[in-house]
Amino acid sequence: MALLDTLVTTAAGALSATIGVLVGGIVTHRAQDRQWLRDKQLIAYEELISHYAKFTMTISRAHADRQGWDYDWSEWSAALTRASLVAPADVAGEIDNFGKAINVFLNQVARDPARDPLHNPLSVEEFAQASRAPAQAQVQLVNAIRRSLSKDQKELPFWIGGSLTGRPDDT
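Sequential numbering from 1 applies to the sequence shown in the numbering used here.
Just so you know, these hints were derived from the structure itself, not from any lab. If you're wondering where the values come from, they're calculated on a predicted model, not measured in any experiment. Each hint should be verified, as a subset may be incorrect.
Simulated DEER-style distance windows between Cβ atoms [stated by the list, open to error]: (1) Leu22 with Gln136: 45 to 55 Å; (2) Gln32 with Asn120: 53 to 63 Å; (3) Pro157 with Ser16: 48 to 58 Å; (4) Arg34 with Ala114: 42 to 52 Å; (5) Ser77 with Leu37: 20 to 30 Å; (6) Ser77 with Leu22: 41 to 51 Å; (7) Ser16 with Ala92: 37 to 47 Å; (8) Thr6 with Ile43: 50 to 60 Å; (9) Ser50 with Gln153: 11 to 21 Å; (10) Arg66 with Gln35: 40 to 50 Å; (11) Trp73 with Arg34: 29 to 39 Å; (12) Gln32 with Ser123: 46 to 56 Å; (13) Glu46 with Trp73: 12 to 22 Å; (14) Glu75 with Thr28: 30 to 40 Å.
Below, in silico cross-link-like pairs of lysine to aspartate or glutamate (DMTMM-like), each with a Cα-Cα straight-line distance of 20 Å or less [unchecked claim]: (15) Lys154 with Glu46; (16) Lys100 with Asp112; (17) Lys100 with Glu47; (18) Lys100 with Glu75; (19) Lys40 with Asp90; (20) Lys54 with Asp70; (21) Lys54 with Asp72; (22) Lys154 with Asp90; (23) Lys100 with Glu46; (24) Lys54 with Glu75; (25) Lys54 with Asp65; (26) Lys40 with Glu75; (27) Lys151 with Asp90; (28) Lys100 with Asp72; (29) Lys54 with Asp116; (30) Lys151 with Asp39; (31) Lys40 with Asp96; (32) Lys100 with Asp90.
Note that CB positions come from ideal geometry on N, CA and C, so glycine has one too.
Input sequences plus hints: build the corresponding full structure.
This is how it looks when you write it as C-alpha cells:
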C-alpha cells in the first residue's frame, strides 16, 4: 500500500508539473504574441505619421518657395497598408478616414494643375486651410492609437506638430 501511495503521489506531482509547464508555455506564448504585435503596431504607426509629416512639409515648402517637388507615393501607400494590417478594427477605421482626408488634401494642394507651386502657389493661409481636415483626422487617428495601446492614455485635444499657419494662436 505504501508503494501505491508513493506512485500516486509521484504521478500526481508529475502531472501537476506537466500541466503547469503547458499552461505557462501557453500564457508566455500569448504574451509574446501580444508584445510582438504591439511592437509591429508602433513601428507601422510611427512610419505612417512620419510619411505624413514629410510629404506635408515637402509640399508646403514647394508652395512657399515656388519650386517643384517630388515624393515617393508608393511608400505612403505601403505605410497605410502596413499600419492597417496590424491595427485593431477601430484604429484601421481611423487610418482609412485619415487616408481619405489626405486624398482630399492632395487634390487641393498637389494634384490641381491650376495650383502649381511654380506658377500659382497656395498662400500660407490657403495651405493651412487645406491642412485642417487632415490635421483633425490625424488627431482622431492618434487618439485611437493611444486608446488601443493603453486604456490609461488620455486623448490629445490638439493637432500634432504645432499650429497650422505658424502662428502660436492657431491650433
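These are the hints, each one checked on the structure:
1. Restraint check, Leu22 to Gln136: a C-beta distance of roughly 49 Å satisfies the suggested window 45 to 55 Å.
2. A hinted range of 53 to 63 Å holds for the C-beta pair Gln32 and Asn120, which are about 55 Å apart.
3. In this structure the supplied range 48 to 58 Å holds for Pro157 paired with Ser16, their Cβ-Cβ distance being about 53 Å.
4. For the pair Arg34 and Ala114, the supplied restraint of 42 to 52 Å holds, since their beta-carbon distance comes to about 50 Å.
5. Taken as a hint, the range 20 to 30 Å holds for the pair Ser77 and Leu37, whose Cβ atoms sit roughly 22 Å apart.
6. At about 43 Å, the CB distance of Ser77 to Leu22 agrees with the hint of 41 to 51 Å.
7. The supplied range of 37 to 47 Å is met by Ser16 and Ala92, whose beta-carbon atoms lie about 43 Å from each other.
8. Range check, Thr6 to Ile43: about 55 Å between beta-carbon atoms, so the 50 to 60 Å window is met.
9. Roughly 20 Å separates the CB atoms of Ser50 and Gln153, a value that falls within the hinted 11 to 21 Å.
10. For the pair Arg66 and Gln35, the supplied restraint of 40 to 50 Å holds, since their beta-carbon distance comes to about 49 Å.
11. Under the hint 29 to 39 Å, the C-beta atoms of Trp73 and Arg34, about 33 Å apart, fit the expected range.
12. Judged by the Cβ atoms, the range 46 to 56 Å given for Gln32 and Ser123 holds: they are separated by roughly 52 Å.
13. Hint check: Glu46 to Trp73, Cβ distance near 19 Å, so the stated range 12 to 22 Å holds.
14. Our hint of 30 to 40 Å for Glu75 and Thr28 holds, since their Cβ atoms are close to 36 Å apart.
15. Pair hint Lys154 plus Glu46 holds up; C-alpha atoms about 19 Å apart against a cutoff of 20 Å.
16. For the proposed pair Lys100 and Asp112, the alpha carbon gap of about 17 Å is at most 20 Å, so the pair holds.
17. About 18 Å separates the Cα atoms of Lys100 and Glu47, which keeps this hinted pair within 20 Å; it holds.
18. For the hint linking Lys100 to Glu75, the alpha-carbon distance of about 16 Å falls within 20 Å, and the restraint holds.
19. The hinted pair formed by Lys40 and Asp90 meets the criterion: a straight-line CA distance of about 17 Å does not exceed 20 Å.
20. Annotation: proposed proximity of Lys54 to Asp70 holds, straight-line Cα distance about 11 Å (limit 20 Å).
21. The suggested pairing of Lys54 with Asp72 holds, with an alpha-carbon distance near 11 Å, which does not exceed 20 Å.
22. Annotation: proposed proximity of Lys154 to Asp90 holds, straight-line Cα distance about 17 Å (limit 20 Å).
23. The suggested pairing of Lys100 with Glu46 holds, with an alpha-carbon distance near 19 Å, which does not exceed 20 Å.
24. About 11 Å separates the Cα atoms of Lys54 and Glu75, which keeps this hinted pair within 20 Å; it holds.
25. With a CA separation close to 16 Å, the supplied pair Lys54 and Asp65 stays within the 20 Å bound.
26. Restraint check for Lys40 and Glu75: satisfied, since their Cα atoms lie roughly 17 Å apart, inside the 20 Å limit.
27. For a cut-off of 20 Å, the pair hint linking Lys151 to Asp90 stands: about 14 Å separates their Cα positions.
28. Simply put, Lys100 and Asp72 have alpha-carbon atoms about 18 Å apart, close enough for the 20 Å limit, and the pair holds.
29. This hinted pair checks out: Lys54 and Asp116 have alpha carbons roughly 19 Å apart, not beyond 20 Å.
30. Restraint check for Lys151 and Asp39: the C-alpha separation of about 17 Å stays at or below 20 Å, so the hint holds.
31. Between Lys40 and Asp96, the direct Cα distance comes to roughly 18 Å. Compliance with the 20 Å bound is thereby established for this hinted pair.
32. Taken as a hint, the Lys100 and Asp90 pair is honoured in the structure, with Cα atoms around 16 Å apart against an allowance of 20 Å.
Of the numbered hints listed earlier, not one is contradicted by the structure.
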